[in-house]
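The listed protein sequences derive, respectively, from chains A and B. Quick note on this note's numbering: the first sequence kicks off at -13 and runs consecutively. Quick note on this note's numbering: the second sequence kicks off at 4 and runs consecutively.
Be aware that one or more of the hints could be misleading.
[As the list claims (entries may be wrong)] Here's a subset of chain A near chain B, in silico, CB distances under 8 Å, partners left out:
| # | residue |
| --- | --- |
| 1 | N117 |
| 2 | D121 |
| 3 | A122 |
| 4 | G127 |
[Claimed, not checked] No more than 30 Å apart at the CA atoms, straight line, and that leaves these computed lysine-lysine pairs for DSBU-like:
| # | chain 1 | residue 1 | chain 2 | residue 2 |
| --- | --- | --- | --- | --- |
| 5 | B | K136 | A | K45 |
| 6 | B | K120 | A | K37 |
| 7 | B | K109 | A | K13 |
| 8 | B | K28 | B | K210 |
Rather than coming from a laboratory, the hints here were simulated on the basis of the structure. None of these values were measured; they are calculated from a predicted model. The beta carbon of each residue, even a glycine, is placed where N, CA and C say it ideally should be.
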Amino acid sequence: MCFGGIMRDRLIQWGDWLVRQLARLGKSALFFLEAAVCCLTPPLKGDRILKQIWFIGWKSMPVICLTAAFTGMVLALQGHPTLRRVGSEAFLGPLVALSLIRELGPVLAALMVTGRAGSSITAQIGIMRINDQIDAIELMGLNPMRYLVAPNLIALVVAMPLLSAVFDVIAIFGGYLLGVRVLGLNAGAYFGEMNNYVVLHDILNGFYKSMCFGALIGGVCCYKGFNSKFGAEGVSAATTQAVVDASVLILVSDYLLTALVN
Amino acid sequence: MIVIENLCKAFGGQEVLRGVSLEVKAGEFVALVGMSGSGKSLLLRNVVRLIRPDSGRVLVDGRDVARMPRAELEALRSRIGYVFQSGALFDSLTVFDNVAFPLREKTRLGTSAIRRKVMEELDQVGLADAVGKYPAQLSGGMLKRVALARTLVRDPEIILFDEPTTGLDPIVVNSILQLFDSVHKRLNLTGILVSHEIPEIFGIVQKIAMLHEGVIAAVETPESILCSQNPVIDQFVHGKAEGPIAT
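For reference, chain B alone in the conformation it holds in the complex (with noise of 0.2 Å):
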């Protein structure tokens, strides 16, 4: 479903990604690992095309991201959920007033439908009390929250996680994650999530996909890269301070 080809990136003549292969099939969760400022966020953000490669390409259902006309971009984008590291949720609305926001927008339910809907995708991560609140008002975990039930009011088919445990207890970040499998395997949705939470993230996705020095160094089944050989992912996986990694 997601085919990403050799893509590269560079920001003033830094390369971030240097030629990143990557497929992610229908119905699959991959989890996106790598050190910080290694181009994970950046991967996502080429796949919705917020950026643009200078070479590669990224394909979604066979169809090159970065050379669809704006129409269609805009039609691939409503089937894509994205949920941002800072949940980027609208601070001026009230949390019943941003879930809503996508539905009042993009589609003809009217305030009953919209009600019921909003009410629902927030009952469902567990804040159907905190409608009335603004984003100021809500801890980091309920930001996450707030911002994943805006997300899937939409029913997206593609569901893309930027780092969405970033910052949080590990109480909360666990709590996340399993809310993240069952919405997974409720809907069969498709995702890329990009995290640093391991082992944590272990149960929930089939593929680990590991980006090291701008390219995929690996892409490894949960079980088989824990007992990886190659050095680069031990390192990484069991978090050692000593290896080919610098730190």
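Next comes chain A alone, as it looks inside the complex (with noise of 0.2 Å):
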């Protein structure tokens, strides 16, 4: 085949590529706007909202309890050597506070709840869809998206905010342990400067960036869940492409959100 062909073959398959790529963009476009239609128009399912909030919120506290303490007493081990070498020891508290309270405390929290309650939701609807639960949802008159994907949705961005501050006060609690309780640090001074230095504007911060986390996080489980494959294959797919999808979106989305807010 001369090279004219060859170059003509290679188009077409970019083509082919390009033209397959942003028909799954648009697929998902029109999956969270109908989504986010179902969420803000009546009816709501509240009995449905309200059993994954308790699924996704109240079942998620134990992981983000226990990887809050953690991360605050290792930001507090981290910036304490640093800080002691400039004379600023003072500021422990608020380098933790800032630290979580601005970006790991809602990211972390989000990457924990991906794996814990995003993967979940993603394989319970993949089953519901290998197994006909949702056509036969669709064949009884009903919106299926009303009844997975809106729940779900909700509950995550109510529950993510929530979790967030947990796992921030979790965290600045484990910090004070470490900084104050090990390496001495004067308990008025971690909480002192704490207030000095952490303003309303940084908390919104980390409460809007939960609320986006939750909804990305939902909009792309409910929707890999709601577009898996056939078999116990296609749903274990679904599962790990929706929790690395939704990881990498919320650290993308961190950046921007963080350079969109400052």
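Got two chains here, separate frames each, mind docking them using the hints?
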């Protein structure tokens, strides 16, 4: 085959790939749009929303508390020697608090929730898809988006800021335990300086980020479950993709949101 | 009531339905038979727009299903009952909650009225004592009965059965087919039954349509199909290994 022919075939392949990617993007955008409409218009399924808040929020508490405590302790452990070198140990409190409230709290809580609840949501919806249960809902004249996607999305948007706040509090307490109880820092300095440096803007920043991450986890995990391929392998692949995609998107959107706010 | 006109559907270049035409009149119960993979379930899915055809159309009461706006489609689906091959029961709900689900979501009935209606339907299918069980605790035959109860509880006008007896033993197959027959006669439903149970289905349907190579090869009464001269039908109905159908 001549060079022109090879180039033509390559161009066709690339064009085909591009069209498929654009079609996927369009499909996911339509999914998000319909999900958003279902979240914002009645009837909302109150019982399912509460059930999902309990499942996503309350049942994630142990893992959130555990990771938060150790994150706070690590921050104190890493920050203390550096601050001591410049004679600023008193700023350990603000260092731990600002790192957590602005960035680490929302991001790490979101990653934990993705692993624990997001994967479960994808697997559940995926199994419902391959067992015709979603088709059965549709054939009852009901909209499965309203039953399966909207409650998860709303629950995640509600639960994520709360989990993030719990993460911040426990992590700050973890930092206190290590900084004050182990490394001998003054407790008044730890909390007093925190009070001077942390402002409402920082807290709101973390709050909005958590809500965005909640919507993102819900959207990605529900979408992957909804479009799960057949068989156990299909559900397994969808779950893995959902966790990976949501985690990557959380980190990318964290940068974008930070750049936007600051 | 249901008119399928020249319906075509292909997947990845492979044509599964190549111009299917079939008419099911109101109150008629039609069996759709054919080889595995011939597109019977696919045809049924087109009737309720779980899949859209590439060309051709499905008319229900004169309205094109593929072109219906969403609200009209939801209203149509509320009139159609669909029994899946797998049953498609919600595995996290009990038998009672599965059957009650459409009533809770689509009607304004109170708790006691829902309980009464659900128990009536479960009683009809002989499963009134299984209300607290989960789908995973049921046998194959019981799953199909619960699926039928969940379908009937909505009082559908049209009912579509997608291989509801596959994988069951002959006694359970016969009892379920008798149940379909009694339901059809009692409620005068319009129905399409996709099945491989030949000759068991002959006693409960008015017509048999055979789908072969993407088209309806024949639509005949159960009596006439048994003595059909068409070699394809003859081979399929009598289960012959030799004949025009490649096995």
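The hints, checked one at a time:
1. With its C-beta approaching chain B no nearer than about 6 Å, N117 (chain A) sits inside the 8 Å limit, and its interface hint holds.
2. The beta carbon of D121 (chain A) comes within 6 Å of a beta carbon in chain B, closer than 8 Å, and the hint placing it at the interface holds.
3. Annotation: A122 (chain A) was flagged as interfacial toward chain B, and the flag holds, the nearest CB pair being 4 Å apart, inside 8 Å.
4. Look at G127 (chain A): its Cβ gets to within about 4 Å of chain B, closer than 8 Å, so that hint holds up.
5. Taking the CA atoms of K136 (chain B) and K45 (chain A), the gap is near 26 Å; set against the 30 Å cutoff, the hint holds.
6. For the proposed pair K120 (chain B) and K37 (chain A), the alpha carbon gap of about 27 Å is at most 30 Å, so the pair holds.
7. Distance restraint check for K109 (chain B) and K13 (chain A): the Cα-Cα separation of roughly 28 Å lies within the 30 Å cut-off, and the hinted pair is therefore satisfied.
8. Restraint check for K28 (chain B) and K210 (chain B): satisfied, since their Cα atoms lie roughly 11 Å apart, inside the 30 Å limit.
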